[in-house]
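Peer 1: Sequence:
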Amino acid sequence: EFHFDFDPCPFPRPDTFNGIDVSWGYSNYCNPPFRKSDGAFDAGPTAFIRKAIEEQKAGKTSVVVLNTMSYINMLVEAGAEFRSLGRLRWLDCDTKEPWKRESYSRLTPE
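Count the sequence shown with our numbering and you get residues 4 to 113, in order.
If you are wondering where the hints come from, they were derived from the structure by calculation, not from laboratory data.
Beta carbons are placed, not taken as given, at the ideal position from N, Cα and C, and that holds for glycine.
Worth double-checking, as some hints may not be accurate.
[To be verified] Just the calculated beta-carbon pair ranges, DEER-fashion:
(1) 5 <-> 57: 11 to 21 angstroms
(2) 99 <-> 29: 45 to 55 angstroms
(3) 82 <-> 24: 35 to 45 angstroms
(4) 13 <-> 76: 22 to 32 angstroms
(5) 96 <-> 7: 39 to 49 angstroms
Let's have the full structure, built from the sequences with the hints guiding it.
Peer 2: Here's what the structure looks like:
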């Protein structure tokens, strides 16, 4: 369907290859490491999402494989629509204090 011409996260990854630092193809299949500790130059999925967004702005297409919780998969499979609430600081149920971190990372680093 997508006629992929580049994989920024090949397996096995060549020792000197860094999919974050190279220009991607026009149609990219990206199955990023799910944790920084998975060995992609200390880059986890957020770094690859940021890179996919950067490449999209240059007119490129990326399909990114992401692990999600089962209830999210159930909603997607049922045809649910999603809307972003933006970055939120949820309140702790016990203390009523805002969480120290927002609910998800910024698209661009500070």
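Peer 1: Now look at each hint and say whether the structure bears it out.
Peer 2: Evaluation of the provided hints:
1. 5 <-> 57: 11 to 21 angstroms: At 19 angstroms between Cβs, range holds.
2. 99 <-> 29: 45 to 55 angstroms: Taking Cβ atoms as reference, residue 99 and residue 29 lie about 50 angstroms apart, which means the hint holds.
3. 82 <-> 24: 35 to 45 angstroms: Because 38 angstroms falls inside the window, the suggested range holds.
4. 13 <-> 76: 22 to 32 angstroms: holds (26 angstroms)
5. 96 <-> 7: 39 to 49 angstroms: Hint holds: Cβ distance 44 angstroms, inside 39 to 49 angstroms.
In terms of the numbered hints stated before, the structure departs from none.
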